[in-house]
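Engineer: What follows is each chain in one-letter form.
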Amino acid sequence: MTNHPSTPAVQFNKVNRYFGEVKAVDEVDLEIRDGEFFAMLGPSGSGKTTCLRMIAGFDRPTGGSIYLYGQDVSNLPPYERSVNTVFQDYALFPHMNVGDNIAYGLMVKKVPKPERKKRVDEMLDLVQLKGFDSRKPSQLSGGQRQRVALARALINHPKVLLLDEPLGALDLKLRQQMQVELKAIQQRVGITFIFVTHDQEEAITMSDRIAVFNHGKIEQIGSPSEIYEKPATTFVAGFVGTSNLIGGELAKRLTGSDQTFSIRPEKIHVSTTEKTTTIDTITLDGVVRDVVYLGLYTRYLVEADGVDIVVIEQNLKTTSMDVVSAKGQKVRLSWHKDHISRIGA
Amino acid sequence: MHSKKAPLPLTIAAFGTLLFLHVPMLIIFLYTFTPDETTYTFPLPGFTTKWFAIAWGRADLWRSLTLSLQVATIATISALILGTLAAAAVYRSNFFGRESISFLLVLPIALPGIVSGIALRTAMGGFDIPFSFWTIVIGHATFCVVVVYNNVLARFRRTSTSMIEASMDLGANSFQTFRYVVLPNIATALLAGGMLAFALSFDEVIVTTFTAGQQTTLPIWIFSQLTRPRDRPVTNVVATFVIIITFIPIFLAQRLSASSSDTEGETK
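First to last, the protein sequences are chains G and R. Residue numbers for the first sequence follow my numbering, so the first one is -16 and each next one is one higher. Residue numbers for the second sequence follow my numbering, so the first one is 105 and each next one is one higher.
Take the hints with a grain of salt, since some may be wrong.
Stated by the list, open to error - Derived SDA-like pairs (lysine to any residue); straight-line CA-CA distance at most 20 Å: (1) 92/G - 317/R; (2) 92/G - 286/R; (3) 235/G - 254/G; (4) 6/G - 43/G; (5) 96/G - 283/R.
Hints were generated in silico from the structure; no laboratory data involved. As the structure is a computational prediction, the values presented were derived from the model and not from experiment.
Kindly produce the complete structure, drawing on both the sequences and the hints.
Structural biologist: Next up, the structure:
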C-alpha cells in the first residue's frame, strides 16, 4: 500500500527502556510489516505498553533504535511522527464537540476549514457516527467515544495506527462487535494497526500476527494459529489458552526425548475402549479425577503417571448422564504426535 | 432533595448564625444613610444620601481605591502566571523536593499575616528595598499565588494526562497543546482562583501595613478613618462599596467552580 512494500512499517533494533533499575523493555527486536494488524499481547508490566508508547514518541528508548518505514524516529517528538494513537481512556477533549475533536489534527496543521469539514464527514461516515458532530464527548456512550477516538486518530492518515487496550473499557457484547468492526475499518483504510492487549482471545480474533511479551522481552512472534498450536515457551503455552505441559521421564517415555512439550486439552481424546492406534498416535492410560459438563463440551481432569492432564471433549454424543458416571473410570488418552509443541529452554 | 424537614432547634441555630454573621454588615449599610455623623442612634434620626456625594468628592479616598485596585490586579496577574507554572511543575514532573515545594507554597496562607508581614518587612529592610507600590504587590502575591496554585493543581489532577499526549500525538506542538487543550481545561480554575486572589488582595490589611511605604490602600484608609469619628458615615459608604465589589467575584468564583465540578465527572 506504500511505495516500498519491502520496508517494515515498524522496526525495533535492540530496543531497551529502563525505569531506574527496572528493565521495562529489554533488548527487543521486532519487525511489523506494512498493512499488518499486529497485536502486542502480554500481562500488565510485560513491556507491551512501553513499546507502544515508544512507537508513538511518548517515551524514548534508553538504548537501541526504532525505525518507521526505514526512518530512525527514536528521538523524534510525537508531533513529528506519522503515527496516531487511540488511547485506552480515549482522551477526548471534553471542551470540544465531536466534530472539533476529530478535526483537531487538521486544525493544528492549519488545514483550511472547508477541507476539514469534508474530511470530518468522511471520518464520521467511516465510524458510523454521521450527524454526531455537534455533540459533546460527555453525551456519548463508551462505544461512541471509542469511535470518535478512532476517527480522530485516523483523520491525519497516519502510516501506523496505535491502539492501547482499545476495547478494554467496553462490555463484552460491544467488545465483540467492535472487534469485527475494527478489523473491517483496518482493511478499508489499509493502514498498519498495532494494538496492545492483555486479552489473548482478542489478540487471536483480530490480528494477523501476535507478539507475546513477558518481563520486557518477546517470548514468541507468530500468526494466531502458530502461537496457539505451537507455543514456543512455557509462558506462551500458559498465557495463550490452557495447555498441558509434560516433561521429564513421562515425556521421554512418550516422545523419546525428555524435552518438555505442550499439548492443548482439545487435541486429546478420551476413550474407555482400547482402540487400535496408528504409529502417529501417542497414548497414555489414566484415571478420571474430575469431570465438568459445560454444555458445548466436557472438561475432564485425568491423572496419568502422577501428572494431571486437562482434556476437553466436544459433546457430540455425550450427555450429562454419561459424564457423571465417568468419574473414577480408567481411560486411555490419545493424541496425534504432530499436535505436541516442544518447549524451548 | 431532602424531603425531611430539619429539626426546629437546628433551623433556629442556622438562622442565628447567619444573622450573627450578616447583621453587622446590614448596620453599616443602614448607617450610610444617617444624617447624624458621630453616633449610631436607632431608629435613624433621618434619611440622607449626602455621604455618597461627600465620599465621591474625597480625593484621598480615590487615591486609595485606585491603589488597591492596581495592587490587586497586578498581584492577581502575577499569581495567575506563577501559580499555574508551579501547579504544572508539581503535577507533571516528579522532582526531588516536590512535596516540600508544595508545602512551602501553601504555607503563606496558613501563617498568620502578622508573621508574613514582619518577615517580609525585615527581608526588604535587610536588602535595602525601598517600600513602594511594588513591595505591596510582592507581599500580596505571596498569598495570592497559593489560591491560584491550589485551584489549578486540583484541576490538573482531575484532567487526564493522556489528553496532553493525545494533542501532541495529533500533531500539536507544546504551544498549541497549551493553547487548545490545557488552557481551556484550566480556564475556569484560573478564573475562580484569580477572582479569589483579587478579593484577598483587595481587602488585605496586615501584610500591607508592613510592606507599604507612604501609600494607603483602601483597607488601610478605612482603618485610619477610625480616628476621625466625624467621617464615620463616609467610611460606611466605602465599606458598603467594598462589600459589594468583594461579594461579586466571590459569588462568581463559587458558581464557576461548582458548575465545572458538576461536568467534570461526565468526562470520565
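Engineer: For each hint, tell me whether it holds in the structure or not.
Structural biologist: Outcome of the hint check:
A hinted pair counts as satisfied when its Cα atoms are at most 20 Å apart, and residue 92/G with residue 317/R does not qualify at roughly 53 Å. The straight-line distance between the Cα atoms of residue 92/G and residue 286/R is roughly 18 Å, inside the 20 Å bound, and the hint therefore holds. For the hint pairing residue 235/G with residue 254/G, the CA-to-CA distance comes to about 23 Å; that exceeds 20 Å, so the pair is violated. Between residue 6/G and residue 43/G the CA atoms are separated by roughly 14 Å; this keeps the pair inside 20 Å, and the hint holds.
Restraint check for residue 96/G and residue 283/R: satisfied, since their Cα atoms lie roughly 19 Å apart, inside the 20 Å limit.
Comparing the model with each earlier hint shows violations of hints 1, 3; every other hint is respected.
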